[in-house]
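Just so you know, the sequences run in chain order A and B. Counting in the numbering used here, the first sequence runs from 1 upward without gaps. Counting in the numbering used here, the second sequence runs from 1 upward without gaps.
Simulated from the structure, these hints should not be mistaken for lab results. Hints are supplied without guarantee of correctness; some may be wrong.
What the hints assert, rightly or not - Okay, derived cross-link-like pairs now, DSS-like style, lysine-lysine, Cα gap no bigger than 25 Å in a straight line:
hint, chain 1, residue 1, chain 2, residue 2
1, A, Lys-286, A, Lys-238
2, A, Lys-133, A, Lys-118
3, A, Lys-97, B, Lys-137
4, B, Lys-48, A, Lys-114
5, B, Lys-48, A, Lys-14
6, A, Lys-126, A, Lys-56
7, A, Lys-14, A, Lys-67
8, A, Lys-30, A, Lys-265
9, A, Lys-139, B, Lys-48
10, A, Lys-238, A, Lys-261
11, B, Lys-48, A, Lys-118
12, A, Lys-286, A, Lys-265
13, A, Lys-184, A, Lys-30
14, B, Lys-213, A, Lys-82
15, A, Lys-114, A, Lys-133
16, A, Lys-14, A, Lys-30
17, A, Lys-139, B, Lys-213
18, B, Lys-213, A, Lys-97
19, A, Lys-116, B, Lys-137
20, A, Lys-82, B, Lys-137
21, A, Lys-133, B, Lys-48
22, B, Lys-137, A, Lys-133
23, A, Lys-56, B, Lys-48
Said to hold, decoys possible - Ranges of calculated distance between the beta carbons of each label pair, as one might list FRET restraints:
hint, chain 1, residue 1, chain 2, residue 2, range
24, B, Leu-132, A, Glu-160, 47 to 55 Å
25, A, Glu-131, B, Val-84, 52 to 60 Å
26, B, Ile-207, A, Arg-174, 54 to 62 Å
Small disclaimer: the values here were computed from a predicted structure and weren't measured. For each residue, glycine too, the CB sits at the ideal point set by N, CA and C.
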Amino acid sequence: MITFENISKTFRTKTSTVEALQDITLKIEKGDIFGVIGFSGAGKSTLVRMVNALEKSDSGTVIVNGKDISQLQRRELRSFRKNIGMIFQHFNLLESKTVFQNIAIPMQLEHWPKDKIKTRVQELLKFVELEDKETALPKQLSGGQKQRVGIARALALNPEILLCDEATSALDPRTTDSILELLKKINKDLDITILMITHQMNVIAQVCNKVAVLEKGRLVESGSVIEVFGNPQQETSKGFIRTVINDKLPETVKEYLRNYKEPQKILRLRFDGKNADEPIMSLAIKETGVNISILYGTVTELEETVVGFQTVQITGSQAQLDAAVKFFEEHKVPKYEVTL
Amino acid sequence: MIFGISASKIYLSIGQTFYMVVLSLIFGLLIAFPLAITLFITRGGGIKQNRIVYTITSTIINIIRSVPFIILIVYIMPLTKAIVGTRVGSTAALVPLTTFIAPYLARLIENALLDVDNGIIEAAQSMGATTLQTIFKFVLPESRGGIILGITTGTVGLLGATAMAGAVGGGGVGDLALTYGYQRFNTPLMTSTVIILIIIVQAIQAIGSRAAK
Chain A
1 MITFENISKT
11 FRTKTSTVEA
21 LQDITLKIEK
31 GDIFGVIGFS
41 GAGKSTLVRM
51 VNALEKSDSG
61 TVIVNGKDIS
71 QLQRRELRSF
81 RKNIGMIFQH
91 FNLLESKTVF
101 QNIAIPMQLE
111 HWPKDKIKTR
121 VQELLKFVEL
131 EDKETALPKQ
141 LSGGQKQRVG
151 IARALALNPE
161 ILLCDEATSA
171 LDPRTTDSIL
181 ELLKKINKDL
191 DITILMITHQ
201 MNVIAQVCNK
211 VAVLEKGRLV
221 ESGSVIEVFG
231 NPQQETSKGF
241 IRTVINDKLP
251 ETVKEYLRNY
261 KEPQKILRLR
271 FDGKNADEPI
281 MSLAIKETGV
291 NISILYGTVT
301 ELEETVVGFQ
311 TVQITGSQAQ
321 LDAAVKFFEE
331 HKVPKYEVTL
Chain B
1 MIFGISASKI
11 YLSIGQTFYM
21 VVLSLIFGLL
31 IAFPLAITLF
41 ITRGGGIKQN
51 RIVYTITSTI
61 INIIRSVPFI
71 ILIVYIMPLT
81 KAIVGTRVGS
91 TAALVPLTTF
101 IAPYLARLIE
111 NALLDVDNGI
121 IEAAQSMGAT
131 TLQTIFKFVL
141 PESRGGIILG
151 ITTGTVGLLG
161 ATAMAGAVGG
171 GGVGDLALTY
181 GYQRFNTPLM
191 TSTVIILIII
201 VQAIQAIGSR
211 AAK
C-alpha cells in the first residue's frame, strides 16, 4: 500500500545541515496499523509527510497504491491527497468555524451539494460520537473532542489511508485510550490503513500490528509488534519497549546469577495465544529434570493477543539444559538468551 | 454660528472627512488585499514561494511607505490629475490617500495572515486544497480578527492623513481646524475639532475591536 524505498532527506540551513532521513526502506501493507516510533528529531514527522507529499525526499521513491508520488502533476497530487486523511498533534482545526463547518470543509473543497454534505457530516459526527457538538466552536471542546473532530474531518472523503502525526501526544492517558479505540474501529470497520508516528510506546503496544523504530534519521528496527517487543535488538528499541514492558532484572538478581557456579541458562520465554494453554514449564521440568525458577514475568496485550514474557533461570546438568532448550524449541516457545 | 463659523461649515467638513476616509479605505483595501496575499504566499516558505515576486512587491510597498504623506500628495499630483481630472478637492485627495493607505494596510493584513498557525495551512494542503482555497477557506477566515484590528489601525491612520488633505483643498475636519482655528487664532474651534476627532477615533476603534471578536 505504501512503500518507502531508500528515502533520504537533508535539511540545510545557513548554519547547519540535518540529515532528517537516511536510506529508509519500509513497506506498509493494506490493513496495517503501522507505528513509527522515535524521539523528537528522529525524522518521523518528515517520514509521514512524504506519504502525502507535504515533504519531498531528496532521493528514493515513495510509492502509494502503486503510484510513484514524485511523478504526480500538481492537479493529480491534489486529488491523490483526498484519498489520504491526516490528523495532527495540535488538531489544526479552524478556530473560527463550528464543528460542523470544520468537518464539512473537505467536502466543500470538492463542491459537494449542501444536503449531501449535511448528511455526511452527521454520519461522521455519529461515528466519532460527537452528535451533540455540531454547533460548538473548537475552543469549547476538550482535547479529545477536538481530535475526534479532526478524525471526522480526515474521514470525510472516505480515504484509504489515515496518517496520524502524534495524534495522541497532546492528550491525557485516558483520552489517549479512547482515541486509540476509535482508530482501531476505523481500521477494522472502515478498512482504512493507518500510519501513525508517535514517541509513546504504549500507543504502539495498544493498537499497532507493525512497528518501525527510527533513530536520528535511521531505521534501526522494524517488524511485527510481537516480534520487536519480544526481542528488541537495538538499545533505542529496548528503551522504548521498557516503557511498556519492563524486562530489566534488578541488579541484585543479576549479581546472584553472575555468581552462580553450576550450569545454568537464563532465557526469556514468550507465551502467546498459540502456546499459552499448555502447562509448558511444568512439562519441561518433568520431562527433562531441570529446575526452573522464574526471575521476572509480565503479561501484556499486543496485536490483540495476550502475550506473556517470562525470564527464567534453568539449572541442572549440561545435558539436562540442552534437553530443556530442545523441549522449548519442539513446543515452539520463542526464547531469547538473556545476557547479564 | 458655532465658535464663529457657521454650523453648516462644520457639518460639511465632517462630511468631507467621512467621504475621504470611507472611499480611500475601500479603494485602499481593494489594493491591499491582493498585495498582502501576494506577500503571504510568495514569501520564503510560503505556499507558492517566489523570491522575485516577493522582493518586488515588498520593495514597492516600502518605497511608497517611505514617502511622507504631505510630499506624496504633491509628488503624485500629475497622477491625480490623470485619474480624477483635477488636482484639488476632496475627490482629488482620494488618490494620494489611497496611495498612502494601501501599502500600509497591505502590511497590516500581511501581519494578520502570518499569525495563522502553519498547521492550518498544512491541514489545508493535506486535504488537497488549491492555493486559492487555502487562502479563502482557511487563512482568511482564521485571520479575520487580526485583519479587522489591522484595518482599524489603518483607518485611524487614514483619519490623521485626511487632515493634510487640506493642502490640496480636500477639506475635512483637520482642514477646518487649520484654516479657521489655527490661522484665525480661534482656540475654542481648534479645541472642539480636536474633540470631534477624538470621538471619531474612539468610535472607529470601538467598532473595530467589537467586530474583531
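Task: 25 Å limit on alpha-carbon distance, applied to hinted pair Lys-82(A) and Lys-137(B) - done: holds (16 Å)
TODO: Please work out if Lys-14(A) and Lys-30(A) have their alpha carbons no farther apart than 25 Å.
DONE: Violated, because 41 Å separates the two Cα atoms, which is more than 25 Å.
Task: Hint consistency between Lys-137(B) and Lys-133(A) [alpha-carbon to alpha-carbon, up to 25 Å] - done: holds (21 Å)
Open item on the list: Against the 25 Å threshold, does the CA-CA distance of Lys-139(A) and Lys-213(B) hold or violate the hint?
Closed with: holds (14 Å)
Open item on the list: Does Lys-14(A) sit within 25 Å of Lys-48(B), going by the straight-line distance between their CA atoms?
Closed with: Since the Cα atoms of Lys-48(B) and Lys-14(A) sit roughly 22 Å apart, the hinted pair holds (cutoff 25 Å).
Task: Pairwise beta carbon distance, Leu-132(B) to Glu-160(A), judged against the given window 47 to 55 Å - done: This hint is violated: roughly 27 Å between Cβ atoms.
Open item on the list: Hint check: Lys-97(A) vs Lys-137(B), CA-CA at most 25 Å. Holds or violated?
Closed with: Cα-Cα ~10 Å, so holds.
Open item on the list: Need the status of pair Lys-213(B), Lys-97(A): alpha-carbon distance at most 25 Å?
Closed with: holds (13 Å)
Open item on the list: What's the verdict on Lys-133(A) and Lys-48(B), does the C-alpha distance respect the 25 Å limit or exceed it?
Closed with: violated (36 Å)
Open item on the list: Would the hint linking Lys-114(A) and Lys-133(A) be met if the CA-CA limit is 25 Å?
Closed with: Holds, at about 19 Å.
- [ ] For the pair we were handed, Lys-286(A) and Lys-238(A), check the Cα-Cα distance against 25 Å.
- [x] violated (34 Å)
TODO: Mind checking the alpha carbons of Lys-184(A) and Lys-30(A) for me, to see if they're no more than 25 Å apart?
DONE: With a Cα-Cα distance of about 14 Å, the restraint between Lys-184(A) and Lys-30(A) holds, given a limit of 25 Å.
When held up to the earlier numbered hints, the structure conflicts with 1, 4, 6, 7, 8, 9, 10, 11, 14, 16, 21, 24, 26 and fits the remainder.
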